[in-house]
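A.B. asks: One letter stands for each residue in the lines below.
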Amino acid sequence: MKSKFRPNEEERSVGQINTASLPDIIFMLLFFFMVTTVMREVDLKVNIHVPEATEAKKLEKKSLVSFIYVGKPLPRFQKMFGTEPRIQLNDQFRTVGDIQDFIAQEKDQLNEADRNKLTVSLKVDQNTKMGVVSDIKQSLRRANALKISYSSVKTDKVK
Amino acid sequence: MARKLQPINAGSMADIAFLLLIFFLVTTTMDVDTGLMRMLPPMPEKNQKKSNDKIKERNVFVVLINKNNELLVEGKRMDIHQLRQAAKDFIANPENRDDLPEKEWKDIPFFGHVFVTKNPVISLQNDRGTSYGTYIKVQNELIAAKDELRNELARSKFGMNYDDLDKEKQQAIKKYYPAAISEAEPKNVGGEK
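If you read the sequences in order, they're chains A and B. First residue of the first sequence: 1, per my numbering; consecutive thereafter. First residue of the second sequence: 160, per my numbering; consecutive thereafter.
These aren't lab readings, by the way, just hints derived from the structure by calculation. Don't take every hint at face value.
Claimed, not checked - Straight-line distance between alpha carbons at most 25 Å, and here's what the computed DMTMM-like set of lysine to aspartate or glutamate pairs gives:
| hint | chain 1 | residue 1 | chain 2 | residue 2 |
| --- | --- | --- | --- | --- |
| 1 | A | K61 | A | E112 |
| 2 | A | K58 | B | E204 |
| 3 | A | K129 | B | D238 |
| 4 | A | K117 | B | D306 |
| 5 | B | K328 | B | E311 |
| 6 | A | K117 | B | E204 |
| 7 | B | K326 | A | D114 |
| 8 | A | K147 | B | D322 |
| 9 | A | K72 | B | E229 |
| 10 | A | K147 | A | D101 |
| 11 | B | K333 | B | D248 |
| 12 | A | K117 | B | D325 |
| 13 | B | K265 | B | E327 |
Said to hold, decoys possible - To give a feel for the contact side, a few chain A residues facing chain B, derived at Cβ under 10 Å:
| hint | residue |
| --- | --- |
| 14 | Q16 |
| 15 | F67 |
| 16 | L110 |
Unchecked claim - Which residues of chain B face chain A? A few of them, derived with a C-beta cut under 7 Å, are:
| hint | residue |
| --- | --- |
| 17 | L180 |
| 18 | F182 |
| 19 | D258 |
| 20 | G292 |
| 21 | I302 |
Note that the Cβ used here is the ideal one computed from N, Cα and C, for glycine as well.
Make a model of the complete structure from these sequences and hints.
C.D. replies: Okay, structure coming up:
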């Protein structure tokens with residue numbers, strides 16, 4: 001008679017899936033996501049469609065890049081901030097006057113040697129008027145942050 | 160019978176996992192930020208005199224964009240599609256024309272004694288009402304003109320694109336085509352602050 005505790009040969013032969021490598025797989029996934037996700041991507045409060053350009057180059061060294069966002073506020077902020085293009089620094093709406101402080105802050109976070117290598121990436125909506133952008137450029141010059149990048153999508157041909 | 164169905168050998172699992180990991184690392188394009196790199200001119204010192212050495216008019220390529228996003232290039236209206244060629248002609252001045260930048264004989268490493276333009280400057284001015292999209296299009300065309308010339312030269316001389324060359328060769332090509340794009344001081348045309 002078959003024993004309850006000793007399954008016969010046929011049942012035992014199925015064997016069990018070896019799960020010893022499961023941790024490896026999980027770790028692999030973990031590392032993968034750790035590498036690919038960008039931490040602390042700011043919440044965009046403005047609507048931005050950056051223009052296209054054929055000559056756009058990759059921005060090297062992410063840690064040396066600060067972002068300035070300019071565009072129409074999203075619908076849920078329009079009651080408070082209107083529909084004119086606004087400047088967003090980090091997570092808040094700001095004005096041109098705050099840019100110098102912002103740059104000073106960003107420079108403080110870098111170590112001494114890298115301060116002059118700070119690149120400011122201007123993420124500006126393509127329908128913005130140049131007036132705002134000129135003001136930003138002027139305050140960047142005053143803040144002595146001269147390396148800038150006009151953020152744009154790389155395409156093969158601009159319409 | 161039992162011998163036949165051993166547990167699967169998982170020794171190579173780690174290798175497979177690593178292979179996958181490397182595969183994904185290589186193939187995924189992360190959300191890279193791209194943009195047109197520019198340098199702003201430093202703020203002039205308060206007590207600094209305006210420099211007297213005026214750049215000759217023929218050495219400056221003036222591009223104006225008005226608030227209706229129309230282009231005025233060297234005093235003439237121009238369509239944006241013609242801008243790249245015009246800028247290329249300006250930077251290189253292949254026919255040595257009088258209204259395009261002056262040329263001079265220069266000694267450049269790799270190239271020897273060559274007849275090239277002397278410091279051509281592209282000056283881009285815009286109105287406060289110009290749309291950013293147009294401004295970037297124009298910037299892009301001007302940068303493209305410069306890059307195309309440098310690439311053409313790099314390819315004919317070294318058989319490589321400009322970006323793939325080493326520092327010294329890039330310097331030499333930069334000397335050959337020195338074009339500078341200047342972002343002029345903004346002007347308040349409309350009188351508003």
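A.B. asks: Compare the structure with each hint and give your call.
C.D. replies: Evaluated hints:
| no. | hint | verdict |
| --- | --- | --- |
| 1 | K61(A) to E112(A) | holds, 16 Å |
| 2 | K58(A) to E204(B) | violated, 33 Å |
| 3 | K129(A) to D238(B) | holds, 20 Å |
| 4 | K117(A) to D306(B) | holds, 23 Å |
| 5 | K328(B) to E311(B) | holds, 14 Å |
| 6 | K117(A) to E204(B) | holds, 22 Å |
| 7 | K326(B) to D114(A) | holds, 21 Å |
| 8 | K147(A) to D322(B) | holds, 19 Å |
| 9 | K72(A) to E229(B) | holds, 24 Å |
| 10 | K147(A) to D101(A) | holds, 17 Å |
| 11 | K333(B) to D248(B) | holds, 16 Å |
| 12 | K117(A) to D325(B) | holds, 21 Å |
| 13 | K265(B) to E327(B) | holds, 17 Å |
| 14 | Q16 | holds, 7 Å |
| 15 | F67 | holds, 8 Å |
| 16 | L110 | violated, 18 Å |
| 17 | L180 | holds, 5 Å |
| 18 | F182 | violated, 10 Å |
| 19 | D258 | violated, 27 Å |
| 20 | G292 | holds, 3 Å |
| 21 | I302 | holds, 4 Å |
Violated hints, listed in ascending order, are 2, 16, 18, 19; each of the other numbered hints is respected by the structure.
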